[in-house]
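Could you build the full structure based on these sequences and the hints that come with them?
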Amino acid sequence: MELDIKNYAILRLGGIEIWITDTIVSTWIIMGVLIVFAIFVRIKIHKFKEIPTGFQNVVEALVEMFDNYLVSNVGPKLMYLGPWFFTVFAFVLLSNLSGIIPGLRPPTADWAMTLGIALVTFTLIQIMGFRYRKLAYLKSFVEPIFLFLPINLIGEIARPISLSFRLFGNILAGLVMMSLIYAMVPIVFKFVFPAALHAFFDIFAGALQAFIFTTLSMTFVANTAALSDE
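Going left to right, the sequence shown walks through residues 54 to 283 as the numbering used here numbers them.
Keep in mind that a hint or two might mislead.
Unchecked claim - Quick list of the computed label-pair ranges, beta carbon to beta carbon: (1) Ala260 to Ser193: 30 to 40 Å; (2) Asn205 to Ser125: 19 to 29 Å; (3) Ala189 to Trp72: 42 to 52 Å; (4) Ile71 to Ala91: 22 to 32 Å; (5) Thr106 to Asn60: 21 to 31 Å; (6) Ala226 to Pro155: 18 to 28 Å; (7) Trp164 to Phe108: 29 to 39 Å; (8) Pro203 to His99: 31 to 41 Å; (9) Met132 to Leu188: 20 to 30 Å; (10) Ser193 to Phe101: 38 to 48 Å; (11) Phe101 to Ile154: 29 to 39 Å; (12) Gln179 to Phe93: 28 to 38 Å; (13) Phe257 to Ala279: 33 to 43 Å.
Everything labelled a hint here was simulated from the structure, so no lab data went into it. All of these numbers come straight from a predicted model, not from anything done at the bench. All C-beta atoms in this analysis are idealised placements derived from N, C-alpha and C, irrespective of residue type, glycine included.
Spelled out as C-alpha cells, the structure:
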C-alpha cells in the first residue's frame with residue numbers, strides 16, 4: 054500500500070493537461086458502482102408492492118432512515134436538498150470504505166477531492182443564504198459592526214477548508230497507519246493481524262467520517278438559511 058498518488062496517464066485537451074491518477078480511477082469505479090446500483094433500484098421500483106418484503110423493505114427502510122436524519126438537521130423546508138446530501142453521503146462513504154479493496158486508494162485521501170466536495174457545499178451555503186435571507190444575509194457579514202467584515206469573511210471561507218481537511222486528514226491518517234503496519238508486520242501475519250485494524254480505520258472510521266461530513270454540511274446550510282427553527 055503506497056502513500057504516493059500514482060499518475061497513470063496524461064491527456065492533453067486544448068493545451069490543458071489532465072492527469073489520470075489513482076484518485077481519478079478510484080472515483081470512476083465508485084461512481085460506476087453507484088450508477089449501477091441506482092439503475093438496479095430504479096428497475097426494481099416498478100416491481101415494488103404495497104406490502105414491502107425483502108429488497109423493497111431494505112430500500113424503504115434506508116430511505117425513511119435518511120429522511121428522518123435529514124429533517125432533524127435541516128428542517129422540513131429544505132427536504133428537497135435530500136438527493137444532494139444522500140449523494141454526498143453515499144459517495145464519501147464508499148470512498149472511505151474503498152481502502153479495504155487491495156490496490157484501490159480512497160479518493161478522500163486526496164485533498165483535491167475533499168476540497169472539491171466541500172466547495173460545492175460552500176456554494177450551496179451561499180445560495181441558500183441569498184435565497185432565504187436575501188439582503189439580511191449580506192448584512193450578517195458586517196455584524197455587529199462593519200469592522201468585523203474581514204473576520205466574518207475569514208470565518209465563512211474557513212468552512213470548506215475545515216470540512217475538507219477534517220475528512221482528508223482522517224482518511225489519510227488511516228492510510229498511513231495501515232501502510233506502516235503492513236511494513237512492520239511479518240509476511241506470515243499480513244493476512245490476519247491487519248484485518249482487525251482495517252475494520253477500525255476503513256470501516257468504522259470511514260463510516261463515521263462520512264456521517265460527520267454530511268451532518269456538518271447539513272448544519273451549515275440550515276444555519277445559513279435560518280430555517281432550522283421553522
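Hints numbered earlier in the text: which of these fail when held up against the supplied structure?
Of the numbered hints, 5, 8 do not hold.
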